[in-house]
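Here the protein sequences come in this chain order: A and B. Quick note: the first sequence uses UniProt numbering, first residue 1, plus one each step. Quick note: the second sequence uses UniProt numbering, first residue 1, plus one each step.
Source of the hints: derived by calculation from the structure; they are not laboratory data. Bear in mind that the values here come from a model prediction, so they are computed numbers and not experimental data. Hints may contain errors.
Output of the computed footprint for chain B on chain A, the stretches with three or more beta carbons under 8 Å from beta carbons of chain B [said to hold, decoys possible]:
1) 101-107
2) 202-209
3) 332-338
4) 342-353
Computed spacing ranges between beta-carbons, pair by pair [said to hold, decoys possible]:
5) A/Lys94 to B/Glu149: 51 to 57 Å
6) A/Ser4 to B/Ser140: 22 to 28 Å
7) B/Glu38 to A/Arg197: 42 to 48 Å
8) B/Ala128 to A/Glu321: 42 to 48 Å
Below are the DSSO-like pairs computed for lysine-lysine, each with C-alpha atoms no more than 27 Å apart in a straight line [unchecked claim]:
9) A/Lys286 to A/Lys94
10) B/Lys23 to A/Lys308
11) A/Lys344 to B/Lys23
12) B/Lys174 to A/Lys312
13) B/Lys78 to B/Lys181
14) B/Lys78 to A/Lys263
15) B/Lys23 to A/Lys340
16) A/Lys312 to B/Lys131
17) B/Lys112 to A/Lys108
18) A/Lys340 to B/Lys181
19) B/Lys174 to B/Lys78
20) A/Lys94 to B/Lys187
21) A/Lys108 to A/Lys308
22) A/Lys284 to A/Lys263
23) B/Lys78 to B/Lys130
24) A/Lys344 to B/Lys174
25) B/Lys187 to A/Lys340
26) B/Lys187 to A/Lys344
27) A/Lys308 to B/Lys78
28) B/Lys112 to A/Lys285
29) B/Lys187 to B/Lys130
30) B/Lys181 to A/Lys344
31) A/Lys284 to B/Lys181
32) B/Lys130 to B/Lys174
33) A/Lys312 to B/Lys181
34) A/Lys308 to A/Lys296
35) A/Lys280 to B/Lys112
36) A/Lys161 to A/Lys151
37) A/Lys312 to A/Lys7
38) A/Lys296 to B/Lys130
39) A/Lys308 to B/Lys130
40) B/Lys130 to A/Lys107
Cβ atoms here follow ideal geometry from the backbone N, Cα and C, with glycine treated the same way.
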Amino acid sequence: MYFSLNKKAAFIAIVVTLFCVIVSFYGSRKLQNFDPALIAYLFGTLFAVFGVIYRYCVWLQRPPTRMYFRRTWQLIFTGRFFVHAYTLLIDSIKNLLFQHFIYPRGKKRWLAHFMLATGCLAAFAITIPLTLGWINFTLDPATALDPGAIKLYNANFFGFKVMSFELGSVLAFLIFHALTWCSWLVIAGAVIFLVRRLTNAGLIASQTFEGDLLPLILLIFIAVTGLGLNFSYAFMKGIAYDFMSVTHAISVILFLVWIPFGKFFHIIQRPAQIGAHIYKQEGKKKGMAVCPHTGKEFTTQLHVDDLKIVTKQLGFDFTLEDGTSHLDYSPEGKRSLLAKAHLKARQEGGTFFG
Amino acid sequence: MEVTSYKTDMEFFVDMQRCIGCKACEMACAECETNGHESMIHVNYVERAVTIQTTVQVCMHCDDPVCAKVCPADAISKDDFGVVHTANTARCIGCSNCVMACPFGVPIKEEKYDMMMKCNMCYDRTSAGKKPMCATVCPSQALFYGTREEISRMRPNSTPVNTFIFGQQEVTTKVNIMMPKGSTHLKIH
Numbered sequence: 001m002y003f004s005l006n007k008k009a010a011f012i013a014i015v016v017t018l019f020c021v022i023v024s025f026y027g028s029r030k031l032q033n034f035d036p037a038l039i040a041y042l043f044g045t046l047f048a049v050f051g052v053i054y055r056y057c058v059w060l061q062r063p064p065t066r067m068y069f070r071r072t073w074q075l076i077f078t079g080r081f082f083v084h085a086y087t088l089l090i091d092s093i094k095n096l097l098f099q100h101f102i103y104p105r106g107k108k109r110w111l112a113h114f115m116l117a118t119g120c121l122a123a124f125a126i127t128i129p130l131t132l133g134w135i136n137f138t139l140d141p142a143t144a145l146d147p148g149a150i151k152l153y154n155a156n157f158f159g160f161k162v163m164s165f166e167l168g169s170v171l172a173f174l175i176f177h178a179l180t181w182c183s184w185l186v187i188a189g190a191v192i193f194l195v196r197r198l199t200n201a202g203l204i205a206s207q208t209f210e211g212d213l214l215p216l217i218l219l220i221f222i223a224v225t226g227l228g229l230n231f232s233y234a235f236m237k238g239i240a241y242d243f244m245s246v247t248h249a250i251s252v253i254l255f256l257v258w259i260p261f262g263k264f265f266h267i268i269q270r271p272a273q274i275g276a277h278i279y280k281q282e283g284k285k286k287g288m289a290v291c292p293h294t295g296k297e298f299t300t301q302l303h304v305d306d307l308k309i310v311t312k313q314l315g316f317d318f319t320l321e322d323g324t325s326h327l328d329y330s331p332e333g334k335r336s337l338l339a340k341a342h343l344k345a346r347q348e349g350g351t352f353f354g
Numbered sequence: 001m002e003v004t005s006y007k008t009d010m011e012f013f014v015d016m017q018r019c020i021g022c023k024a025c026e027m028a029c030a031e032c033e034t035n036g037h038e039s040m041i042h043v044n045y046v047e048r049a050v051t052i053q054t055t056v057q058v059c060m061h062c063d064d065p066v067c068a069k070v071c072p073a074d075a076i077s078k079d080d081f082g083v084v085h086t087a088n089t090a091r092c093i094g095c096s097n098c099v100m101a102c103p104f105g106v107p108i109k110e111e112k113y114d115m116m117m118k119c120n121m122c123y124d125r126t127s128a129g130k131k132p133m134c135a136t137v138c139p140s141q142a143l144f145y146g147t148r149e150e151i152s153r154m155r156p157n158s159t160p161v162n163t164f165i166f167g168q169q170e171v172t173t174k175v176n177i178m179m180p181k182g183s184t185h186l187k188i189h
């Protein structure tokens with residue numbers, strides 16, 4: 001198997017991982033707030049950070065990705081910054097938070113994805129800071145020592161108190177079971193997708209076990225074992241808690257380690273869609289390309305010009321004898337040109353059919 | 001995709017001079033399960049102002065697919081049979097690079113889905129040893145899916161060609177175009 005280390009990507013990934021370690025060390029007040037029970041998760045998370053950054057950097061080095069990445073930031077920072085920042089914010093809420101682009105593909109599909117994504121992202125938002133020791137909970141010292149007082153619990157971020165809530169309150173119940181709610185969302189979403197993948201003929205033909213089914217099975221496994229932890233201490237007096245905690249830890253660590261390599265990397269890639277929107281929006285203002293065959297506008301001139309550069313970087317050269325390019329033609333124009341060339345060849349062959 | 005009955009001796013042969021513009025292929029294409037019931041085949045007038053000639057275009061499944069290379073999201077892949085698959089829905093960011101870079105004008109940006117879709121040679125059917133939908137309904141056999149022996153029997157005065165010249169660029173494909181006998185390539189520009 002061919003393997004080559006991308007030194008630039010490895011360097012950036014190491015720097016970011018080390019930065020994460022340093023922030024965690026000081027964020028947990030020199031490990032004072034770090035929960036040793038989460039040590040395995042910590043190493044899994046750090047590996048995931050390294051892997052994701054490494055792959056992201058390798059990905060950005062590909063000519064088309066690099067072009068989009070550069071252009072997006074150039075367009076954002078060359079004037080009209082606040083307009084683009086607003087677009088970025090609205091688009092992020094619409095397409096990243098609510099995944100609106102999936103809705104036209106199917107309402108049930110959107111609902112499933114929304115539940116799955118919300119469950120996963122909320123779980124990330126809770127567990128990653130907990131694992132890295134950035135968040136911790138402490139019993140409020142003042143109320144703890146007073147037998148008559150309602151016990152208060154403090155939530156601390158980087159060791160600084162950010163909020164308090166009463167033990168036994170509805171809010172405490174919701175906060176302490178936050179991962180339970182995430183689990184139910186993940187299970188509901190993943191099961192809908194799994195049923196779809198097992199019954200849709202088109203998906204059955206084109207999917208792979210490791211690429212499409214295993215990620216769903218793994219997410220369900222994580223969510224079920226996570227719920228098992230809660231179930232064990234809430235209803236089973238702690239029976240099988242060790243088994244549940246070990247199986248849950250193994251599945252979560254597998255998930256973390258797999259993020260950079262498999263289907264889960266699309267979570268990291270998705271914001272690029274917003275870049276593509278800004279690219280299109282700004283390109284329109286600069287002017288549209290007109291197809292020499294159809295005489296109609298078909299994309300932005302910026303897009304055509306950039307594609308000429310990118311295709312050359314990739315080893316393709318569609319330059320024509322007159323200095324123009326095959327890429328100057330619209331998709332419809334290209335199809336017509338092919339048909340015309342075919343007609344010409346047939347005419348020269350002496351018969352239209354053969 | 002892992003276990004298939006894909007018949008490697010079967011090939012796609014296109015002869016656009018035979019296209020009568022009936023659009024039966026469009027209707028049939030929409031039956032393809034892997035397209036999610038969206039028609040991916042193209043039937044369009046070549047030059048409506050001067051001729052009623054139509055042309056038909058399926059994905060040519062390039063040996064070195066430009067669409068996959070220009071994809072910034074690594075959403076397009078080619079399998080071991082040489083079939084270039086439609087965009088991976090999880091990855092595609094709807095940038096249209098593939099749509100504009102394809103020399104045959106094949107991929108379609110479905111604006112409503114913010115995603116690219118393209119012909120994948122009816123993979124639900126071809127992977128089960130069946131013919132693509134469009135080729136099964138084409139009444140003039142502008143689209144034909146079968147063996148080389150079959151096509152040479154049917155079209156003794158034609159040669160299947162899979163090399164195309166676009167200016168400086170030569171593109172070779174899995175799908176063939178029927179050309180006058182003895183042809184080796186089709187020069188577009």
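Cross-check of the supplied hints:
no., hint, in the structure
1, 101-107, "holds (count 3)"
2, 202-209, "holds (count 7)"
3, 332-338, "holds (count 7)"
4, 342-353, "holds (count 10)"
5, A/Lys94 to B/Glu149: 51 to 57 Å, "holds, 55 Å"
6, A/Ser4 to B/Ser140: 22 to 28 Å, "violated, 51 Å"
7, B/Glu38 to A/Arg197: 42 to 48 Å, "violated, 19 Å"
8, B/Ala128 to A/Glu321: 42 to 48 Å, "holds, 45 Å"
9, A/Lys286 to A/Lys94, "holds, 26 Å"
10, B/Lys23 to A/Lys308, "violated, 33 Å"
11, A/Lys344 to B/Lys23, "holds, 24 Å"
12, B/Lys174 to A/Lys312, "holds, 23 Å"
13, B/Lys78 to B/Lys181, "violated, 30 Å"
14, B/Lys78 to A/Lys263, "holds, 17 Å"
15, B/Lys23 to A/Lys340, "holds, 19 Å"
16, A/Lys312 to B/Lys131, "violated, 36 Å"
17, B/Lys112 to A/Lys108, "holds, 16 Å"
18, A/Lys340 to B/Lys181, "holds, 18 Å"
19, B/Lys174 to B/Lys78, "holds, 11 Å"
20, A/Lys94 to B/Lys187, "violated, 46 Å"
21, A/Lys108 to A/Lys308, "violated, 40 Å"
22, A/Lys284 to A/Lys263, "violated, 33 Å"
23, B/Lys78 to B/Lys130, "holds, 19 Å"
24, A/Lys344 to B/Lys174, "holds, 23 Å"
25, B/Lys187 to A/Lys340, "holds, 10 Å"
26, B/Lys187 to A/Lys344, "holds, 10 Å"
27, A/Lys308 to B/Lys78, "holds, 23 Å"
28, B/Lys112 to A/Lys285, "holds, 22 Å"
29, B/Lys187 to B/Lys130, "violated, 32 Å"
30, B/Lys181 to A/Lys344, "holds, 14 Å"
31, A/Lys284 to B/Lys181, "violated, 46 Å"
32, B/Lys130 to B/Lys174, "holds, 17 Å"
33, A/Lys312 to B/Lys181, "violated, 34 Å"
34, A/Lys308 to A/Lys296, "holds, 20 Å"
35, A/Lys280 to B/Lys112, "holds, 15 Å"
36, A/Lys161 to A/Lys151, "holds, 16 Å"
37, A/Lys312 to A/Lys7, "holds, 25 Å"
38, A/Lys296 to B/Lys130, "violated, 39 Å"
39, A/Lys308 to B/Lys130, "violated, 38 Å"
40, B/Lys130 to A/Lys107, "violated, 32 Å"
In summary, the structure is inconsistent with hints 6, 7, 10, 13, 16, 20, 21, 22, 29, 31, 33, 38, 39, 40 from the numbered list given earlier, while agreeing with the others.
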